[in-house]
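K.L.:
Take the two lone chains and join them into the complex the hints point to.
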Amino acid sequence: DTEVTQTPKHLVMGMTNKKSLKCEQHMGHRAMYWYKQKAKKPPELMFVYSYEKLSINESVPSRFSPECPNSSLLNLHLHALQPEDSALYLCASSQSGTGTDTQYFGPGTRLTVL
Amino acid sequence: GNSVTQMEGPVTLSEEAFLTINCTYTATGYPSLFWYVQYPGEGLQLLLKATKADDKGSNKGFEATYRKETTSFHLEKGSVQVSDSAVYFCALSFSGGYQKVTFGTGTKLQVIP
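If you read the protein sequences in the order shown, they are chains A and B. In short: position in the first sequence from 1, add 1453, done, that's this note's numbering. In short: position in the second sequence from 1, add 113, done, that's this note's numbering.
If you are wondering where the hints come from, they were derived from the structure by calculation, not from laboratory data. Beta carbons are placed, not taken as given, at the ideal position from N, Cα and C, and that holds for glycine. Keep in mind that a hint or two might mislead.
[To be verified] Think about it this way: if two alpha-carbon atoms lie no more than 25 Å apart in a straight line, the pair counts; the simulated DSS-like pairs of lysine-lysine are:
hint : chain 1 : residue 1 : chain 2 : residue 2
1    : A       : K1489     : B       : K221
2    : B       : K213      : A       : K1475
3    : B       : K221      : A       : K1493
[As the list claims (entries may be wrong)] Listed next, the stretches of chain B that the computed footprint assigns to chain A, with coverage defined by at least 3 CB atoms under 8 Å from CB atoms of chain A:
hint : segment
4    : 157 to 163
5    : 213 to 219
[Stated by the list, open to error] Calculated from the model, a selection of chain A residues having no Cβ within reach of chain B, i.e. all distances over 10 Å:
hint : residue
6    : T1460
7    : M1468
8    : T1469
9    : G1481
10   : K1489
11   : A1540
Here chain B stands alone, though its shape is the one from the complex (with noise of 0.2 Å):
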């Protein structure tokens, strides 16, 4: 089956620095891949995606690049701010049929001032 593992959190980083957030996937065939960020107290929100290998997905300073031969799609920023903490979490689905989403188990971020 389809599934989506994420390195486990929570990450604490301090306000400025580099954050990455491991993605990879397991599917058969080649899925939508996704990135969605949930604030405390909130629901989820698309922070961005990407529909075939090689594409690069961008928001907010956020990016993420859709890598095929290592199944991967790591969230990046150059510089987090305090107000980036949330739980992020990595999901896929499939463009056939009617939507399912798998999604990973979700990396809460804490960014300190």
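So here's chain A without its partners, still in its complex pose (with noise of 0.2 Å):
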């Protein structure tokens, strides 16, 4: 199985909400990441979970708020957002986070912020 799955796949959020985005891997990868997708623009990493720790926080604002319970799940945490925020979320993950792996990523949450 080299499925990562998210949910939702849609959200439309005000920006006085609170809302939750979740990732899930079975295949006993060890490192998971969070990106955002503008439109037409590659990913940018967010932030990198490595054997559960957060090991890259790339100063992403403190509106977006990551968890890792446990190794198979990643959470971001969505709080006060604004309309530049909307994008598409996508997760991945990979074997141990090391620059050779090959990471594989979820089909994306896409973020609307009204």
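P.N.:
Put into structure tokens, the structure is as follows:
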């Protein structure tokens, strides 16, 4: 099973809402990632978890809060977002997080902030 | 810093045409190189990769060779199909430390029957 699942597929939220994005993998991977992708742009790395510890935070605003409850799950908690945060949010996982690893991506959550 | 430069798209080809998408990189050291593909409405999938100079990655008829002397990793396919229509991203990362992938801007390929 080489699948990364993400829920929900689509999310519309207001600027005062609190919501969460969820990501799950059952490949035994120990590294998980959140990316943000704007239209016609490449993915931008937001966070990396390695062995359930946050190892990279690419200076992401605090209105985005990641959480890794266990090695299979990755959440992204959203609060007080801005319209410019509307984008496709991609989750990925890899075996151990080293540079030669293949990253496996989920289908993404398309987020619209009103 | 590290960077990846891809040819501008969109690229429009007729079915069975030959495909080349150029990719060059700037990096300190010797990265691993990847091609990822993104079909409409989906996440990215690894298409192929190469981890050292002169390695050739191949998959589904696509090929790319890691050329250290020209810092390039051009993607080729001999005969494209309509189903190959997608956005193709060239990317690099380094083996030391935590994996941070640097992506190119992507090249949209449209194959017409």
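K.L.:
Now look at each hint and say whether the structure bears it out.
P.N.:
Right, here's what the structure says about each hint:
Pair hint A/K1489 plus B/K221 holds up; C-alpha atoms about 19 Å apart against a cutoff of 25 Å. With a C-alpha separation of about 21 Å, the suggested pairing of B/K213 with A/K1475 holds against the 25 Å cut-off. A C-alpha spacing of about 9 Å is found between B/K221 and A/K1493, which places the hinted pair at or below 25 Å, so the restraint holds. Coverage of the segment 157 to 163 of chain B by chain A holds [criterion: at least 3 residues with CB-CB distance below 8 Å; count 4].
Counting residues of the segment 213 to 219 of chain B whose beta-carbon sits less than 8 Å from any beta-carbon of chain A gives 6, enough to reach three: the coverage restraint holds. Against the 10 Å criterion, A/T1460 stays outside the reach of chain B, whose nearest CB is about 13 Å from its own CB. For A/M1468, the requirement that its beta carbon stay farther than 10 Å from each beta carbon of chain B is met, with the minimum near 26 Å. Against chain B, the non-interface label of A/T1469 holds: every CB pair exceeds 10 Å, the least being about 29 Å.
With a minimum CB-CB distance of about 17 Å to chain B, A/G1481 clears the 10 Å threshold, and the non-interface call stands. Every CB of chain B is more than 10 Å from the CB of A/K1489 (nearest about 12 Å), matching its label as outside the interface. Separation of A/A1540 from chain B is adequate, the least Cβ-Cβ distance of about 13 Å exceeding the 10 Å criterion.
In summary, the structure agrees with every hint in the numbered list given earlier.
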